[in-house]
Amino acid sequence: MKKLIIKYINIVYLLTLVIFLFSCDQETTVDLGEPVQRLVVEGRIEWTEGSTNQQQEIKLSTIGDFFENQQTPRAVGAEVWVTDATDNRYDFEEQNDGQYINESLVQLIYETFVLHILWEGQEFQAIETMVAVPPIDNIYQQFEEGNLFEDEGIKIAIDFTDPADEENFYFWETFRNDELQILPDPGNKNNIISQDEFFNGNQIEGYFPNEEAVFDPGDVVTVKQIGLSENAYIYYFTLFDQAGKTGALIDTPPIPVRGNILNLTNPRNYALGYFYAAEISEASHTIE
Amino acid sequence: MKRTIYLLVFVCANLLFAQDNYTISGYVKDGNTGEDLIGATVLMKELGTGNITNVYGFYAISVPQGSYTLEVSYVGFQVFRQQLEVNSNQTLNIDLAPDTEVMEEIVVTTEALNKNVSVNEMSTVSLTSKTVKNIPAVLGEPDIIRSIQLLPVITSVGDGSSGFNVRGGAADQNLILLDEGVIFNSAHLLGLYSAINPDAVKDVKIYKGGIPSRYGGRLSSVLDVRQKEGNLKEYSGEGGVSLISARALYEGPIVKDKGSFMIAGRRSYGDAILRALGESNTAYFYDLNLKTNYQINDKNRVFLSGYFGRDELALGGIFSNGWGNTTGTFRWNRVISNRLFANLSAIYSNYDYSIDNLATGAESRISSNVITYNVKADFAYYLQGENNLEFGLDQKWYTFNPAEIDPLMGSNITASKLDEKFAVEQGAYASYHAEAGNLLVDVGTRFSRFVRTGSQDLPIYENNAPVVYNTFLNRYEEGNVVGTRSYGNGKKIKEFNNWEPRVGLTYVLNQEQSIKASYNRMYQYLHLISNSTSPTPVDVWAPSGEFIDPQMSDQFAVGYFRNFKNNAYEASLEVYYKDIQNMVDYVDGADIIANNQIETQILSGNGRSYGAEFYLKKNTGRLTGWISYTLSRSERQVKGFGEGDTGINNGDWYATNFNKLHDLSITGIYELNDRWSLSGNFILASGLPSTFPEGRYEYAGIVIPHFEERNQDQLPTYHRLDLSATLKRKPKNGKKNRGEWVFGLYNVYNRINANSIYFIEDEENPGETNAFKSALFGVNPNITYNFKF
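Protein sequences appear in the order of chains A and B.
Just so we're aligned: the first sequence equals residues 1 to 288 in the numbering used here.
Just so we're aligned: the second sequence equals residues 289 to 1077 in the numbering used here.
Read the hints as simulated data drawn from the structure, not as lab findings.
Computed from a predicted model, the values in this text were never measured in an experiment.
For glycine and all other residues, C-beta sits at the position ideal for the given N, C-alpha and C.
Some hints here could point you the wrong way.
Claimed, not checked - Computed list of chain A residues with no C-beta within reach of chain B, every gap over 12 Å:
no., residue
1, D25
2, N96
3, I192
Said to hold, decoys possible - Here are the computed distance ranges between Cβ atoms for each label pair:
no., chain 1, residue 1, chain 2, residue 2, range
4, B, H950, A, G206, 53 to 61 Å
5, A, D216, B, D1050, 21 to 29 Å
6, B, F929, A, E123, 23 to 31 Å
7, A, R268, B, I748, 47 to 55 Å
8, B, L972, A, D178, 50 to 58 Å
9, A, D137, B, D1050, 30 to 38 Å
10, B, G1055, A, D216, 52 to 60 Å
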């Protein structure tokens, strides 16, 4: 598991700095000026085998002031629709808070979808082909001893079988009583997403889809296993990398995280975010 | 080739002309220990012609028949003078007597020399391990690479970074040689300390420019470290204990005045303290230096030296990581005739790392190494007066093993191995040193050849483009592989042939002033691919080949050198301009570890740097030290391939990670009395370039800082003061034992100098984003005990 290995490489640098105790981090302020104006698109088409009329959601927002600590401005008044390969149009209805939803989309594995957005006189577009995902074979709880970087406690583990004949990219979302569990942790890029380069075709046992989340008895934990395209994987990898800086000199340099959203009106005024189409597999477990 | 022929003709003419002369040659040694002295000045007083001893301590001067005063001088030693009646070739080995240990009075008897004015060399600095030990250091651990960073235009990307940057060059552009063996990673503990034990070191010299033609393979600098040979006269030892490590050295004769050995070791013990505190984690380093030599007769001497350094990090039961350099050098010095000196070397060098991942279910090991075998021959032919010719040949065989992955403890990780890469690097050089009145000239060239060989299977990319720009997604992507080309064992894949001219001029205005100029072109065939701010031990060394062109630099420098008050003060002002082509840079989001097609992750760009360096040094008296100030700029440009693709920062020039507009450092050592000495250094520098966010947005349940162009902002100004005091133990009559205590205070006024400023969402308070500055080394006291026996 390449990314797992690399995860610990990153950790060890932190470790060295911690060990030698000479490192100190202080909160500081710097003058940042006005935030730039960019549309942020979080677009997801998700399909579970055997289901119909799942609710699809496209979230639109913009960039906010870094130090203001308020919800970033929502992008309202947009016209949002998705077309499929046979040019069927599915309109997404605005929910006032930057969410646009649709429940009539019919998904098919390997079908190509196009997202269209008209917002403030600019037209945006993104194309993605739906990716398949293997099912979660087992879900269960496992107690993990703590160490310098991970909390001790009950964690959720899954087994799944990676298909041998294709390249697979995974993204896991973990929910506690329907609430998404995620922290801006440097380890995310090697934990909640993964590629199968070093375990292609193997059965993976006891994978923690979220190493940061510790659960209590009674919690209903749901894991969503999402099949990503390679492009989407690279996007999320970069996103989690940029969100999980440690301040150490081994950090990768800051860069803009570019996804697949194209501005047709003015290409230089690019939008952020990604539009993916994925098969998902869900499993739940109640912590004992 | 033509140029070589001209050179040969010139040399032959000189040889004929030189027939009426006689040559005085030999070695200059430390009279107490028998160590060869590098760079000692040997002068024929009446003629005003002289030479300096080479890196093996050898000199030769050709003079017409006559009677002369020979004068030999070296810093820290008494001047040697002898009347010579020259009427035949003579071998004259000279033992210099060290300045008497100055116990009663602090009159430093050494005559200051004007070498910096009169020698045709610029942009170089030498350090002795004594100076290194006198400079205040983090946790009292004397450190060569940290010490050289106090010199003009040698910087780093932050406290505790691996590697250093010279005149705006990248960290992989420094050739670090330990007894001629290449050291690939100069850092211990990820950059807290350098990999070289200062006790074992005789001489350190760094070339920032005007690099002689005998060196090649890196663009920006040469750090040439020579280990001690070992005391030829008697057994002795030294050592030290600091808060971080313990070190010891023992040396002595094998056969008195004929052969000797030196063995030195160092180990950090931070891990022992941690273990005592009940942690199951560990981080330590150790290194071992060995050297032995034997003088077969007056004409032949052989040396065997070795270095072994290693770091180990482990996080109890989850992970362990080790890396290190190993080098071994066999050398044979032969005085072929009075005029011709030869050195033959065979060198082995290995840099390797391994990472053990012990996480349940994924137990595995990644290992990687670079092995170099090197043979070389260097010759120095001494002509009339100061004129001489240096020439030589050099051949290296490289084997790169980028990564091998093996399962551990029966895990279900698939074993795999990336393609091994093979290359041969050859160099041939000739350099002529001439004196014409007040003008000293060094003119030479190096011819370098680099050949990538099989066996290897290389991918064929569509349109021969390993990296393509996706205009739809606006990013760089791996090129499409359309086929594979197989190369058999030893079969040539790609070849590069390059000339590297080097010129150095000195015009001596008078005993106290000179003007110097230099030009050098360098090629570099190995590239360190790193996508972090500072290199890490697990970065990948990639050789040039089908997809990666060699890097090239041209550097011009001009300087004015001036000494004052009978050479008590030396000052210099140098300006330089350096142009670099084909510097490698990674694409945004590059995946470099265990990647078999590293060429798909990199772009190539150009660099330029220019600046002025001012250096003032006080050599004698109770107070010694130096002030160095640099005004410089270091920039990079990465253009796009074409349509829609704008490169990095729209293809504009932008500041490198190590660009410092102003950089001032002051180092002073004050001898208070015969027991106490005080030293201090102060550093004031512009903040390094940084990238601050243009706002933030919410995505996938977390908050992401949004960045646009690289390095458009700046960290706060860096400044720091360090002090230390050394107390020598009272000398006991007749006893050799000497000890000294060093008390230090690093970062006296506890300045929190930002190594970086980073922007993250608070894990405890989702939705709240903050900026943090990360700093290493607040105020910290230290104590070290050094001893000799």
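Now for the hints, and whether the structure bears them out:
no., hint, result
1, D25, "violated (5 Å)"
2, N96, "holds (17 Å)"
3, I192, "violated (9 Å)"
4, B:H950 / A:G206: 53 to 61 Å, "holds (55 Å)"
5, A:D216 / B:D1050: 21 to 29 Å, "holds (23 Å)"
6, B:F929 / A:E123: 23 to 31 Å, "holds (27 Å)"
7, A:R268 / B:I748: 47 to 55 Å, "violated (34 Å)"
8, B:L972 / A:D178: 50 to 58 Å, "holds (56 Å)"
9, A:D137 / B:D1050: 30 to 38 Å, "holds (36 Å)"
10, B:G1055 / A:D216: 52 to 60 Å, "violated (23 Å)"
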